Amino acid sequence: MQGMIRTRKNQKNELSGYLFVAPAFIIFLIFVLLPVLITFAYSFFRYDGFNPMQYIGFSNYSRLYLDKIHLQAYMNTFIYIALTLVLEVGVGLTLAALVSARFKGSIFFRTAFFTPVLLPGVVVGMLWTFVYNQRFGLLNALLKAIKLESLAISWLSNEKTALIAVSVVSGWIFAGYYMTIFYAAIQRIPKDLYDAADIDGASPIRQFLYIKLPLIMDMVVVAVLLCVTGAFQGFDLFYVMTNGQPNHKTEIVTTWLVRIVFNNRDVGYGSAMSVVLTLIVLIMAVGINKARRHTEY
Amino acid sequence: MKRIPLLISCLLIVLIMILTSCVQKDSPSTDPMPDESPKETASPPQTQSDVIIRLGMQFQEDSVMAVYQAAKEKFEADNPGAVIEFVLQERDLYDTIGLPTLLDGKNSPDIYFEWAGQRLIDRRAEGYLAPIPEMQGEWKEMFFESAFSGSTFDGVPHMVPQSTDISVMIWYNVKMFEELNISVPATWDEMLAACEKIKAADKIPFAVGNKGFWPAGNWGGHIISRIVGEEAYSKALMGESDFNTPEFAKAMDYLKELGIKGYINDDMSALTDEEAGVLFYTGEAAMYPLGNWVVADMNANAEEDFLADYFNLPAITGGKGDQTSVMGVNTGHVINAKTQHHDLCVAFLKVFSSTENLISMAQQGYLPPAKGVVTTENADALMVKMMDETLAGTGTVVAPPDTGYNLEIANNLYEAIAKALTGQYDSTEVLASLDEANAHLR
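Protein sequence lines correspond, in order, to chains B and V. Using the working numbering, read the first sequence as starting at 103 and increasing by one per residue. Using the working numbering, read the second sequence as starting at 52 and increasing by one per residue.
Please note that the accuracy of each hint is not assured.
[Said to hold, decoys possible] Think about it this way: if two alpha-carbon atoms lie no more than 16 Å apart in a straight line, the pair counts; the simulated EDC-like pairs of lysine to aspartate or glutamate are:
#1 B/Lys351 x B/Glu251
#2 B/Lys262 x V/Asp317
#3 V/Lys250 x V/Glu281
#4 B/Lys170 x V/Asp486
#5 B/Lys170 x V/Glu480
#6 V/Lys286 x V/Glu480
#7 V/Lys401 x V/Glu230
#8 V/Lys312 x V/Asp205
#9 V/Lys422 x V/Asp394
#10 B/Lys170 x V/Glu354
#11 V/Lys422 x V/Glu189
#12 V/Lys226 x V/Glu354
[Claimed, not checked] Looking from chain V toward chain B, a few residues come up when the C-beta cut is under 8 Å (computed):
#13 Thr147
#14 Pro151
#15 Lys262
#16 Asp317
#17 Ser320
#18 Ala321
#19 Ala469
#20 Lys470
#21 Thr473
#22 Asp477
#23 Glu480
#24 His491
In short, the hints are calculated from the structure, not lab data. Here the structure is a predicted model, which is why all the values come from computation and not from measurement. C-beta atoms are modelled at their ideal positions from N, C-alpha and C, and glycine is treated no differently.
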């Protein structure tokens, strides 16, 4: 009898658990799962979003591998990821090391480095478009002031510099964000470790390399994960600053996807692109997560 | 555990209820337009018996909206119980996905603004374009015959003309041309000679802002049509023939030459058309290839003493096309085939296309293709020149790629033109890539 009561109680607890989860699950179902499934379904059709759909099997997927711009967009995205890993995570880590060293005004620098994160991407994109402007831009004015006129070029319309120029802006925004994450992680490290290192005569650089960095490595891997998945979601800066130009040298998957769906009204093909993009991001996220397990102590 | 299926059933019922509530036929939330499109409804309070005629269009300047408002007020006074409601959308949105979304909605517009040509053919195939057989006699004869080009199907007009947009004309700085002793070029070679003089004077010959692809796309499209001929241009853009032919390669070489010789600002791909306009208005660039809407932009942004004029694309020796052709497109209002109030729509369009109203449009920088409207008494001298010389002096109006033809092919062509204008790519390779990008459309 007692066992039966316990079982009923457990069942009641289970039921209430499901009920608590239900609202979030329903929202997830409607706004995430259902659109994902619908997108997957659309990818097998020729569909412009308005006229009747026409089933075409895997044609949209086979087209993906023939679309040179689509492939170039992935190449650009991977270059962008490599650059942002250095400019966002690498610089963020360096800044965290600098601001975690106690000195006068470190709070000001922490605030200053974090400020760009608070600005909308479109605003930052517009701002930096002016900075890079060939005629009245700040960067070229600076180069001319130090007698380097030959380097004063049109940064955003030059095929060799456009992607790097946008990546630098991305780094300018997010380095402060990663700095904050790393700074918080560094603050958790027990102070007696530094004391012991001081007694042993370790320099600040050695302390960073042998104490701070190993102890915040889990956060570094999280930052890499955020940076990689975030790069695949990048859109606003590219759209505002270059719109994929020049000659698709700054075309990333999301900007190409938007042009396919909204300019060419090719919802079916755009859906196939979205499905493949989602799979690639998932695979990369799982890979980085597995790598993270190796870094856990 | 036995309750779990029950729980899941309950969740499903809740989900179905939520979903069905989203598509309730009487629910105002089903109508995407009120949320997606800001509206102007300066009409008196509506009563139950009011018939609402919805007019879908792009956002317009206040001065243009005043013309629409005047027509609305006259129509409503003439037709008690009928109300005009403007459904306005941001321009780029309306051009692309905005209008189809409006038309696909439950309360789709009864009347909407459109461009003649392929877009109207598409609307007709989709069932959103009604014939306007009422447009005959005096009403039809008030317009030039060319006003119905691209909007007449089976001999019946399907659009009430509002304006003829000239998409490409070469604006030039009059003072700079005089100072450099340059006369208006009549041929391509004369134009190149002018460019050389301008460049030697340390100025930019052509200001182009091609961040959005269409400004150079329209200009390049016009040059291509002049060289390959209108028929070949049209066939390729309809997907009926390849681009990679000797004629198209020759046309691409013309574009490439402009890039190689440095006649275009080298930050072309990083600037918008408005930003390129600044180069022109501030005297950094001598010429600015863009449409008739530059008049309004110039009035708003250029210094008062800035003097500009325009010339049509000069003749290209050996070109297969009409060397007097104008790149342009007719625009106007069409009636949705799904409207329940066709007669009221016709009544409104009659009011809107009255001579008095079209004169008001001409005063706002539009080119209504109607007789006796764009005259020296009613419009700016530049507008009169466009109407009396440019449009009247040509036998061929070439549609811009992105309004007259398949949109995807047009976008691909624009990219090829942008590539050619850099002067860095082989024309044949550019065209081969273009055909490759279009291959799936065949």
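Comparing the hints with the structure gives:
The suggested pairing of B/Lys351 with B/Glu251 is violated, with an alpha-carbon distance near 25 Å, which exceeds 16 Å. Among the hinted pairs, B/Lys262 with V/Asp317 is consistent with the structure: their alpha-carbon atoms are about 14 Å apart, no more than 16 Å. Restraint check for V/Lys250 and V/Glu281: not satisfied, since their Cα atoms lie roughly 32 Å apart, outside the 16 Å limit. Between B/Lys170 and V/Asp486 the CA atoms are separated by roughly 12 Å; this keeps the pair inside 16 Å, and the hint holds.
Our distance criterion of 16 Å between C-alpha atoms is met by B/Lys170 and V/Glu480, whose separation comes to about 14 Å. Taking the CA atoms of V/Lys286 and V/Glu480, the gap is near 20 Å; set against the 16 Å cutoff, the hint is violated. A distance of roughly 49 Å separates the Cα atoms of V/Lys401 and V/Glu230; the hinted pair therefore is violated under the 16 Å criterion. The hinted pair formed by V/Lys312 and V/Asp205 fails the criterion: a straight-line CA distance of about 48 Å is larger than 16 Å.
In summary, the hint linking V/Lys422 to V/Asp394 is not supported, as the alpha carbons are separated by about 25 Å, beyond the 16 Å threshold. Proposed proximity of B/Lys170 and V/Glu354 is contradicted: the alpha carbons are some 45 Å apart, above 16 Å. At roughly 12 Å between alpha-carbon atoms, V/Lys422 and V/Glu189 fall within 16 Å of each other, so this suggested pair holds. The hinted pair formed by V/Lys226 and V/Glu354 meets the criterion: a straight-line CA distance of about 13 Å does not exceed 16 Å.
Against a cut-off of 8 Å between C-beta atoms, the interface hint on V/Thr147 holds, since the closest Cβ of chain B lies about 6 Å away. Interface hint status for V/Pro151: upheld, as the beta-carbon distance to the closest one in chain B is roughly 5 Å, under 8 Å. The beta carbon of V/Lys262 comes within 5 Å of a beta carbon in chain B, closer than 8 Å, and the hint placing it at the interface holds. For V/Asp317, the shortest C-beta to C-beta distance to chain B is roughly 6 Å, which falls under 8 Å, so the interface hint holds.
Below 8 Å, beta-carbon pairs count as interface contacts, and V/Ser320 has one with chain B at about 4 Å; its hint therefore holds. Satisfaction of the interface hint for V/Ala321 is found here, the shortest Cβ-Cβ separation to chain B being roughly 4 Å, below the 8 Å cut-off. Annotation: interface hint on V/Ala469 holds; nearest CB of chain B at approximately 7 Å, less than 8 Å. For V/Lys470, the interface hint holds, the least distance from its beta-carbon to any beta-carbon of chain B being 5 Å, beneath 8 Å.
A least Cβ separation of about 7 Å between V/Thr473 and chain B falls short of the 8 Å threshold, and the interface hint therefore holds. Residue-level restraint check for V/Asp477 is violated (minimum Cβ-Cβ distance to chain B is 13 Å; threshold 8 Å). The interface hint given for V/Glu480 is broken, as the beta carbon of that residue sits about 12 Å from the closest beta carbon of chain B, more than 8 Å. The beta carbon of V/His491 comes within 6 Å of a beta carbon in chain B, closer than 8 Å, and the hint placing it at the interface holds.
The structure shown violates the earlier hints numbered 1, 3, 6, 7, 8, 9, 10, 22 and 23.
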